[in-house]
Amino acid sequence: MIRLVSLLLLLLAAGCTPYRLIPAGKVEFTDHGSVETPIDWNWRPIDTVHTWTLDGPNLQEMLFHLGIEDGKTLMNALDVESGFNPLLVWFGKVPDEVSFRFHKRMTEHEIMDLFTASMSKITESPVVASGLMPADLGGHQGFRFDYAFVGKDEVRRRGFAVGAVVKDKLYLIHYVGTALYHYDRNRADAERVAASFVFAGKD
Amino acid sequence: MCRWCRLVAAFLLAGLAGCATQSYRTIDALPRGAAAPRILVMPPDIELSELTAGGSVEMNAEWTRAAERHLKTAIREHLQRIQASFVEYRAPADDAPEAEILDQLQPLHATVGQSILAFHFEPQKRLPSKKDKFDWSLGPAVTHLAGHADADYALFVWVRDSYSSPARVALQFVAAMAGGIPVGGGVQTGLCSLVDLKTGQVVWFNALKPREEGDMRELEATRRTTAFLLDRMPK
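Top line first, the protein sequences correspond to chains A and B.
Sequential numbering from 1 applies to the first sequence in my numbering.
Sequential numbering from 1 applies to the second sequence in my numbering.
Just chain B, same shape as in the assembly:
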């Protein structure tokens, strides 16, 4: 995206974005026994798409594969830097009894995360029966993860990112020249959770507000996004 277009887009998104992330936690630090609590890092659920001139998004498999590699690297580096005890998830064989449950936990996390965003972060939209408590869970199925990797908590990360196609960039330019008609570009959004593997409760949640910044096709930019996503994660 051209520098000028990015500037316009940044202004347009300013009201929406505010600060880059917003986090919520139920604990500031993970309870420690004799050993440091171990975090199971789930494979990031990430998808990169191209935003066409017509406004539709088309998933780009090559970008997505690259971004997944970058995000795994960036998460690993971040956790090493903050000296967290962690282990990376290894998927079981497709015919393993728990394979289907583990496969469902990733999309369930994304849907729970979207519900947290929709019904917790905006006070006027909170569900009154929750009485302002941060009470969200993936349920007892997560105990399969604890047994799978001898871990206490699981870190789930979900990211969606899109980038303007050349035709979209041309359209933005023409629209800007024709009197500053706003035509949005690609948007990066994400969320992540730390889940207690004994109960399924989400003990820490962070959301990357939609922003027209970041480029997860590149490792360095992915490191910056990861720093936002894992900002103030308890360990």
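Chain A extracted, bound-state conformation:
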């Protein structure tokens, strides 16, 4: 419960942060790489994640989880153990669940499961993934899959994710939008962004 509250507080705090413009063109992610976007987006960071949107995160959103290290969660806020109150640990209490963490030896299937488990926690709705297949991310052999869920607001959403494990770190880019409209409207733009990813130092 404490973990859920802290996750909600984090998302609430993120909700107060205004978006900033990402103009069409090259966008650099410090230390990780860069992408090219054909259109303007709006950007704000949440935790360790870069998030982009056009109409608001509940309508469509593109997320960049870049350089997740071995043993880490997709977002810091998903780390149940580190967010657990040390006083409770002192009294012998332990969290009632464990974090879903990336491990460098995970198979692509396991990474997809890590993703759906993490996203289910964030969205508070069951996220289902399908269509896992090989794909390229920044010139590295990786994988991609589609996913879907019905949010708490009863709106169906679709998404796709492209990822790769490079030098023992996970790089994952995904795009999600309302199934009825927003996903399809900018899917091609999102695909172009993901396809343009270049790892840092490879220019």
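Take these hints with a grain of salt, some might be off.
[What the hints assert, rightly or not] DSSO-like, lysine-lysine: derived pairs with alpha carbons at most 27 Å apart:
| no. | chain 1 | residue 1 | chain 2 | residue 2 |
| --- | --- | --- | --- | --- |
| 1 | A | K152 | B | K209 |
| 2 | B | K125 | A | K152 |
| 3 | B | K235 | B | K133 |
| 4 | B | K130 | B | K209 |
| 5 | A | K152 | B | K235 |
| 6 | B | K130 | A | K26 |
| 7 | A | K26 | B | K133 |
| 8 | B | K131 | A | K26 |
It should be emphasised that the hints constitute simulated quantities derived from the structure, not laboratory data.
This one's a predicted model, so the numbers in the text were calculated from it and none came from an experiment.
Got chain A; can you put chain B on it based on the hints?
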């Protein structure tokens, strides 16, 4: 809620509420050809809940059914009064091909409306890529509605209302007696949109700011809420 508690709550909400509604439109009047534009009135998406002493809200089905009836009546009366041309939505059979799409339009409208509230009405929170334009859409799926009812625009209404349980009212009273500790009561909030059924664009939007007033369990109070919601709607 007791009169005194309402007064305190009203002061507390004053900063939040300001005026009751805030509207935004892209057109002042609906374009007219030979015939007046026809508005398809969607069933109101409404939910009434009870606010417990602990602060959680529990949906009350009986109140919700009553409020839905009242809101349909009040909307119909309002549109008749302003002499708008309208038709009420009739849901297709569950196995109709368009049933799922039409079912999704209601929650999509609510989510688009919440995004408009979050990212348009507060200038400092606007999405910079929109360049201050009011540009929001439900997408081309709304054309299914046009074919469904031979209409030009659709009116979507979303309302959430909650009322303090007796235990909550007692808690408010005790808190007030114990030095004026503010304990909030039920809150009414809502939004509505007029959507162009050719494009899906929202051409008019109005939001009822959160307020500790109104009682949609009663028809007369629902009429007042409806007047706020549909205030200055183009026709």
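* Structure versus earlier hints, numbers of those that do not hold, lowest first -> 5
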